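Kindly produce the complete structure, drawing on both the sequences and the hints.
There are 2 protein chains.
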Amino acid sequence: MSENTKRTELYELGEFQLIDRLTQEIKIQNDSTAKGVGDDAAVIESTGKQIVVTTDLLLEGIHFDLTYHPLKHLGYKAVVVNLSDVYAMNAQPKQITVSIGLSKRFSLENVEELYSGIYLACERFGVDLVGGDTSSSLTGMVISITAIGEVLKDRICYRSGAKENDLICVTGDLGSAYMGLQLLEREKRVLEGNKEMKPKFEGYDYILERFLKPEPRKQLIDLLEEANIVPTSMMDVSDGLSSELLHICKNSRVGCRVYIDKIPIDQITHKMAAEMNIDPVVAALNGGEDYELLFTVPIATHDVISEMKGVRIVGHIVAENAGAMLVTPHGEEVAISAQGWNALANEEEDE
Amino acid sequence: MSENTKRTELYELGEFQLIDRLTQEIKIQNDSTAKGVGDDAAVIESTGKQIVVTTDLLLEGIHFDLTYHPLKHLGYKAVVVNLSDVYAMNAQPKQITVSIGLSKRFSLENVEELYSGIYLACERFGVDLVGGDTSSSLTGMVISITAIGEVLKDRICYRSGAKENDLICVTGDLGSAYMGLQLLEREKRVLEGNKEMKPKFEGYDYILERFLKPEPRKQLIDLLEEANIVPTSMMDVSDGLSSELLHICKNSRVGCRVYIDKIPIDQITHKMAAEMNIDPVVAALNGGEDYELLFTVPIATHDVISEMKGVRIVGHIVAENAGAMLVTPHGEEVAISAQGWNALANEEEDE
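Just so you know, the sequences run in chain order A and C.
Going by this note's numbering, the first sequence opens with residue 736, and the numbers climb by one from there.
Going by this note's numbering, the second sequence opens with residue 736, and the numbers climb by one from there.
The reader is advised that the hints may include incorrect statements.
It does not matter which identical chain is meant; a pair holds if it fits inside one copy or across any two.
Claimed, not checked - List of simulated lysine-lysine pairs, DSSO-like, C-alpha gap at most 30 Å: (1) 923 / 839; (2) 762 / 898; (3) 923 / 807; (4) 784 / 933; (5) 888 / 762; (6) 985 / 762.
Simulated from the structure, these hints should not be mistaken for laboratory data.
Here the structure is a predicted model, which means the values were calculated and not measured.
Here it is in structure tokens:
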């Protein structure tokens, strides 16, 4: 946590004053936000578009570690992981609600820092904070965010529409957030009980930022709209590419071929992986927290998609009975298995 | 917690299997639910009505105590407190998302019990469970629910529309949930470390149920629609009548006169209050967790409202400069002060 000199205890304010304090500077950006904070519920004006709703629960010690996660970054990330799910429906996020539970460890200044990250994400992606709940917690911090977006009915993308011969595409690069997390955990172990030492982060800003403050892929949604292309299926990559490919194959009742040497992996990810003796492809396949978009498009869109900024074609869809396979540089096929991220097993490791 | 003989550990299932297990019996009840659980986000079909959104975060040890709160009741209540906020907008709830954090203490059977209460509330109030998040927690249970409802634009009720001379009304009775909580806490203290003894609950079912398994006032919303009456303001009573009256007065820039002897208080509340040496009026004013509806209507509707089932007229709105006052049976006026419920100070008491 940051070392603010001032420390105002939360119980000095009480719930209503804290909420007033945190919401006083809200600027409403969307016409569809008819009523924001301050009543029993927020009100969203109907625009005739379909509404998408997604929610995420983040718990201290499970989803984030405040020994290395700055509060402002955490606030930003907590919003972004939800916006990423909205973009994954090919929708534009418009509103969020934010509920937080806070233990006595946190001062008003800490909470304001968290909210500065929340508001930064809101501003950057044109989203209104319209409601929430604030409570004390006996142990640590709890953040629960719900995001609401809108999309024209004929542009919505599910996981279930991929068709044989469709191209499989991903945005950005994969595995970098996972390597960032490994670096943070390594430095945390090294520094434990040793306040004199400084963590060794030089040259690794990119992978650290990918983990601590990821950017959702709004740009892809805008580019797809401009190009008048609707993906046949789409989802965001939060649990690793393998797990997400299997979701699309299962929901669409298809198989896939993904070429390992086409999976986008950044230089810094390669470098860190080599240093830590981790296969960078495994980080991309099973790492998680990339918040990139994985999508399929008809092969007829190939020329437009292959020129689209930040998009990489990594494979294609095949018939269901051909299975979901990775193709090695030597042309061998390997069945994709979901290592994924077992949010419920996590706890076992923590003890 | 219940004493199920079977105990299946959550980590044996993993997150995806747990979600499959908990969501396999979902029946979609609303046409507006275009896509429920199973994609990056739920999709709600636009109906041209306004959408209301509300959210609540419930933390073990702060908002509920599993030593006396049965998991099924807790699941039911967690939904209901959100539906109550939707009804308070004069809207009908249609969808909820449910996120839970679970420590190792909880088995699959425990979680299924919690969800049986969640689904019971969904079925009873015509609501679809459309999404959520499931995670492990290091300490205890976390429940975060978001409810979504719809309402015609010209029927929506804010806290801000009360006008001079409007009647002030409440549904049901007040203070009973608070007395139920006092009884539960008393018996918990008595029984601590004494497993032979049985708690003394006979004759107090009503107040226990009011606390453990409250019912939201859907009926009022239906009756108001039938009678073609739109309240000028409305909110639900979750923090005690005093606090809520002050919210309406502040937001509507009015004052009020509420007659103490008209505040609806149940016989059992009176009885328990006498036994515990608590003023039942104080329980009604400051107790909280009633989940009744407080609303104002034009005086012209008096005859219809005074005949409306479950509704009591408790006072009227006056000019802002006349202040917010209670009127005693002797005609004295006492300024209303919000003792409310300081969710952030709570923690102090728990230690």
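Right, here's what the structure says about each hint:
1. 923 / 839: Classified as both; 24 Å inside a copy, 26 Å across copies.
2. 762 / 898: between (43 Å within a copy, 28 Å between copies)
3. 923 / 807: This pair counts as within: shortest intra-copy Cα distance 19 Å, inter-copy 41 Å.
4. 784 / 933: For residue 784 and residue 933, the Cα distance exceeds 30 Å both inside one copy (51 Å) and across copies (57 Å).
5. 888 / 762: both (28 Å within a copy, 23 Å between copies)
6. 985 / 762: This pair counts as between: shortest inter-copy Cα distance 22 Å, intra-copy 42 Å.
In summary, the structure is inconsistent with hint 4 from the numbered list given earlier, while agreeing with all the others.
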